[in-house]
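Undergrad: Protein sequences appear in the order of chains Y and R. Using UniProt numbering, the first residue of the first sequence is number 1, and each one after it goes up by one. Using UniProt numbering, the first residue of the second sequence is number 1, and each one after it goes up by one.
To be clear, the hints were calculated from the coordinates, so they are not data collected in a lab. Since this is a predicted model, take the numbers as computed values, not measurements. For glycine and all other residues, C-beta sits at the position ideal for the given N, C-alpha and C. Mixed in with the good hints, there may be bad ones.
Stated by the list, open to error - A few chain R positions that, by computed beta-carbon distances, are all more than 10 Å from chain Y:
| id | residue |
| --- | --- |
| 1 | VAL37 |
| 2 | GLY40 |
| 3 | ASP87 |
| 4 | GLY89 |
| 5 | LEU93 |
| 6 | GLY170 |
| 7 | LEU216 |
| 8 | GLN285 |
| 9 | GLY328 |
| 10 | GLY377 |
| 11 | GLU381 |
Stated by the list, open to error - Derived DEER-like restraints, expressed as beta-carbon distance ranges:
| id | chain 1 | residue 1 | chain 2 | residue 2 | range |
| --- | --- | --- | --- | --- | --- |
| 12 | Y | GLY229 | R | PRO55 | 27 to 35 Å |
| 13 | Y | GLU108 | R | PRO379 | 51 to 59 Å |
| 14 | Y | ARG82 | R | GLN498 | 45 to 53 Å |
| 15 | R | GLU544 | Y | PRO213 | 53 to 61 Å |
| 16 | R | GLU76 | Y | GLY229 | 54 to 62 Å |
| 17 | Y | ARG82 | R | THR442 | 32 to 40 Å |
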Amino acid sequence: MKILVPVKRVVDYNVKIRVKPDGSGVDLANVKMAMNPFDEIAVEEALRQKEAGAATEVVVVSVGPAQAVETLRTGLAMGADRGIHVKVDGTVEPLAVAKILAGVCRAEEPGLVIMGKQAIDDDCNQTGQMLAALMGWGQGTFASKLVLGAAEAQVTREVDGGSQTVALALPAVVTTDLRLNEPRYASLPNIMKAKKKPVDVKEPGDFGVDVAPRLKVLKTVEPPARQGGAKVGSVGELVGKLRETGVIR
Amino acid sequence: MQVYEAPLRDMRFVLHELHGLDRITALPAYAEATPDVVDGVLDEAARLTKEVILPLNAPGDLEGCRLENGVVRTPEGFREAYAVFRDGGWPSLAGDPAFGGQGLPECVNKLVEEMICAANLSFSLYPGLTHGAAKALEVHGSPELKARFLRNMTEGTWAGAMALTEAHCGTDLGLMRTRAVPDDAGAYRLSGSKIFISAGEHDLTENIVHLVLARLPDAPPGIKGISMFLVPKLIPGEDGRPGRRNGVICTGLEHKMGLKASATCQITYEDAVGWLVGAPHKGMQAMFTMMNEERLGVGIQGLGVASAAYQSAAAYAKERLQGRALSGAKRPDLAADPIIVHPDVRRMLMTMRVNAEACRAVGIWVAQAVDLSKHAGTPAERKEAEDFTALMTPVVKALFTDLGYEMASLGVQVYGGHGYIRDHGVEQFVRDARIAMLYEGTNGIQALDLVGRKMPAHMGRLLRPFFHPIAAFIETRKGDAALGPLVLALERAFGMLQLATGQIATAGLKDAEEAGAAATDYLRLMGLVAMSYMLTRSAEIAQEKLAAGDDADGFYAAKLASARFFTDRVLPQATALFLAIKSGKASTMAMPEAAF
Ligand SMILES: Cc1cc2nc3c(=O)[nH]c(=O)nc-3n(C[C@H](O)[C@H](O)[C@H](O)COP(=O)(O)OP(=O)(O)OC[C@H]3O[C@@H](n4cnc5c(N)ncnc54)[C@H](O)[C@@H]3O)c2cc1C
Ligand SMILES: Cc1cc2nc3c(=O)[nH]c(=O)nc-3n(C[C@H](O)[C@H](O)[C@H](O)COP(=O)(O)OP(=O)(O)OC[C@H]3O[C@@H](n4cnc5c(N)ncnc54)[C@H](O)[C@@H]3O)c2cc1C
Chain Y
1 MKILVPVKRV VDYNVKIRVK PDGSGVDLAN VKMAMNPFDE IAVEEALRQK
51 EAGAATEVVV VSVGPAQAVE TLRTGLAMGA DRGIHVKVDG TVEPLAVAKI
101 LAGVCRAEEP GLVIMGKQAI DDDCNQTGQM LAALMGWGQG TFASKLVLGA
151 AEAQVTREVD GGSQTVALAL PAVVTTDLRL NEPRYASLPN IMKAKKKPVD
201 VKEPGDFGVD VAPRLKVLKT VEPPARQGGA KVGSVGELVG KLRETGVIR
Chain R
1 MQVYEAPLRD MRFVLHELHG LDRITALPAY AEATPDVVDG VLDEAARLTK
51 EVILPLNAPG DLEGCRLENG VVRTPEGFRE AYAVFRDGGW PSLAGDPAFG
101 GQGLPECVNK LVEEMICAAN LSFSLYPGLT HGAAKALEVH GSPELKARFL
151 RNMTEGTWAG AMALTEAHCG TDLGLMRTRA VPDDAGAYRL SGSKIFISAG
201 EHDLTENIVH LVLARLPDAP PGIKGISMFL VPKLIPGEDG RPGRRNGVIC
251 TGLEHKMGLK ASATCQITYE DAVGWLVGAP HKGMQAMFTM MNEERLGVGI
301 QGLGVASAAY QSAAAYAKER LQGRALSGAK RPDLAADPII VHPDVRRMLM
351 TMRVNAEACR AVGIWVAQAV DLSKHAGTPA ERKEAEDFTA LMTPVVKALF
401 TDLGYEMASL GVQVYGGHGY IRDHGVEQFV RDARIAMLYE GTNGIQALDL
451 VGRKMPAHMG RLLRPFFHPI AAFIETRKGD AALGPLVLAL ERAFGMLQLA
501 TGQIATAGLK DAEEAGAAAT DYLRLMGLVA MSYMLTRSAE IAQEKLAAGD
551 DADGFYAAKL ASARFFTDRV LPQATALFLA IKSGKASTMA MPEAAF
């Protein structure tokens, strides 16, 4: 079985981001970029399935600018077999990404797509769900456990108040949550091999997708600075304060 | 808490821009080491050292190693971290591909070593010793011994140890007593006691391969009667797996100032089975070929600690609020200004920073020469690179480790009293850094190696690949208006180095004590010139980038500032050293021994 893993290039999670002075977005100049952490978990899961014999090939795909190849190489250095780079500059919204991925799915016919539940830059949490809908496939989102069979996948999902296990007919889309696994460090031999692994370059047009944004960003602002805290003496005083500040009525 | 982020930007600058990695990748042996591969390697090494190795540094220092029933336990977490490190293929980074190595160049390896040493000096010794032992075996071992041991050592599945020192013999190995007698099976039986053996016994690997220096029954007395033997802790069976326990016994652990998570062992060899490595009585030569690379590695330990100490100090200086800036309050909104505003704190931070940057540049210069000495296209190029490596090895070892210790101490100073107590982890840097000035030949011995062996060798031939490029650089840059002051200062220091060289060569020829008295000062003087040359060349590149408006992250402006500070505030030490050397040995040797 082939597993397809979409990976996104985002601001490294260690970086303290800053809003551009004109409020048009986040300042990305000279900022360290890395693979979206949830996508790392997705690559790890695909590799584990392959190592366990449940899959035969892991293909990573990234939709993004020229530098997205670096993100693909990260996935290849972890152990993925090949990459697909769909080259787009500028913002690509979740729906456009999902449409492109649907095109890739039609061409590649994977048995399973494993992807991050969300990207830590815009936190949309939409692409996996949209892809499943576009393909008419089942979806197991927020996965904390995946048991992969030949025709069916059992996915344990993290839901409000506990966990839920669903059985999905394949092909299907699984999105990863933090507790699914702990991604490996790329080994030195794999880092060196990564360069020689093939990366196909495509464009959105190859899949007949128009990536023009449908959303308009009005303004980006820093979150308000935290106000200093205060100690209260009793529950009564606490409730009073919460009323005062309008938190409860 | 200790903080450390590998200085990747500066590492890339040194590797790609200053020294030109393309010179190395142009060699067929290193064709794989393309810039994207190397960057990928450095990125992942940075992650691994920060996330896996650094967190064990302070706890490992507190816990230390324990000896329980002859078995050494490393601190908690070391086994797991070593397993991640080994499984990732990191021990074999620069190893011979014929034995499972990755065959990457030494100039990349040294940067990765710097990260490991900065994150956790104790940890660095386990792969470091293995690397050294594997190297000696690679160069001097018989094909049978290599086939039996080298792959496991290259891959880090088995560790290595180097056993030279005995209680009564450290620097003077000619006094050695450990004996080896031939058995009837073509092997030898070793008996004797060694002390201070790093990684002589531990629990990180399933086997440990000792390279032991000992005397054969027919050995001539003194240093010419030493042979090298391979003595495994467990003797591999027919299947190549570790088998019968050999007579290699850890009888104690040393209690020491720092480096606490590195097991420093007393080892007794009791009728231990060993095999000769190299020719009989040629153990010192065998040890020395390997020692060159090991000494570079120890130099990198000093650099690593200096770099880590700088990062902690810089972070603290931006947070700690004490006093007001002499030029008026900088942060009136706060109770006081952060101490980074004070000129004296700046002096300390800048000193730490530029010494680390300059050592990194010198270190990779030499590491590239190691690569060229092995794989350059022509014999002449290889020879020249070998000369340069031989000359610079004692400089790198002693200069970097002296500075490592000095910078670690400055780091404590920036922290004030908070540096002296344990909580921030910066006093550990001082204790850990101290050893690197001693082992692999004390720094005093390095200086003697430089003036006594390297300088006079082949009528001064080894000096040429150092002196000639610097002279040419000065000659061609003298007129450069912007670079001018830096070049002028370099020229002055270089002139003093040339004069000192001449004086030591002449006076030393008549009276060896003259050379001995000047050695340590001379080594530092040469080190300062090397650092100045590196930073001036860096400044030249930085200026070109700045002129082209290509400095989005401010790196090149900072590089220029580093070069200027070094030139203004560090390089003047050259004059003091020169005057000290010029005064000769008289006042050093005049005091009657009884007066001490
Ligand atoms: C933590 C630690 C780890 C070590 N690891 C190892 C290891 O793995 N394997 C191993 O074999 N050894 C190891 N050593 C030993 C180390 O290499 C020796 O301590 C070192 O070589 C110095 O020898 P020494 O201690 O006997 O000092 P000495 O030789 O007694 O030197 C004392 C002082 O005299 C000076 N001196 C001595 N002879 C001369 C001379 N001819 N000219 C000028 N000055 C001289 C020295 O520079 C030094 O300042 C380790 C030591 C320590 C502390
Ligand atoms: C073992 C030990 C014993 C001690 N015993 C005592 C004791 O008995 N009684 C007691 O009261 N205290 C004691 N101290 C505290 C000690 O005197 C202080 O640690 C010392 O005064 C430095 O203050 P600090 O640690 O807050 O460093 P900081 O004041 O934070 O200094 C940090 C760094 O900034 C520099 N710096 C700060 N301000 C300026 C400035 N204006 N201009 C230039 N540079 C500046 C300092 O030189 C230092 O390098 C002890 C400390 C230790 C570690």
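Undergrad: Each hint should be assessed against the structure and marked as holding or not.
TA: Quick rundown of the hints versus the structure:
no.	hint	verdict
1	VAL37	5 Å, violated
2	GLY40	5 Å, violated
3	ASP87	7 Å, violated
4	GLY89	4 Å, violated
5	LEU93	6 Å, violated
6	GLY170	36 Å, holds
7	LEU216	40 Å, holds
8	GLN285	32 Å, holds
9	GLY328	26 Å, holds
10	GLY377	23 Å, holds
11	GLU381	26 Å, holds
12	Y:GLY229 <-> R:PRO55: 27 to 35 Å	30 Å, holds
13	Y:GLU108 <-> R:PRO379: 51 to 59 Å	53 Å, holds
14	Y:ARG82 <-> R:GLN498: 45 to 53 Å	58 Å, violated
15	R:GLU544 <-> Y:PRO213: 53 to 61 Å	40 Å, violated
16	R:GLU76 <-> Y:GLY229: 54 to 62 Å	37 Å, violated
17	Y:ARG82 <-> R:THR442: 32 to 40 Å	54 Å, violated
Of the hints listed earlier, those the structure fails to meet are numbers 1, 2, 3, 4, 5, 14, 15, 16, 17, in rising order.
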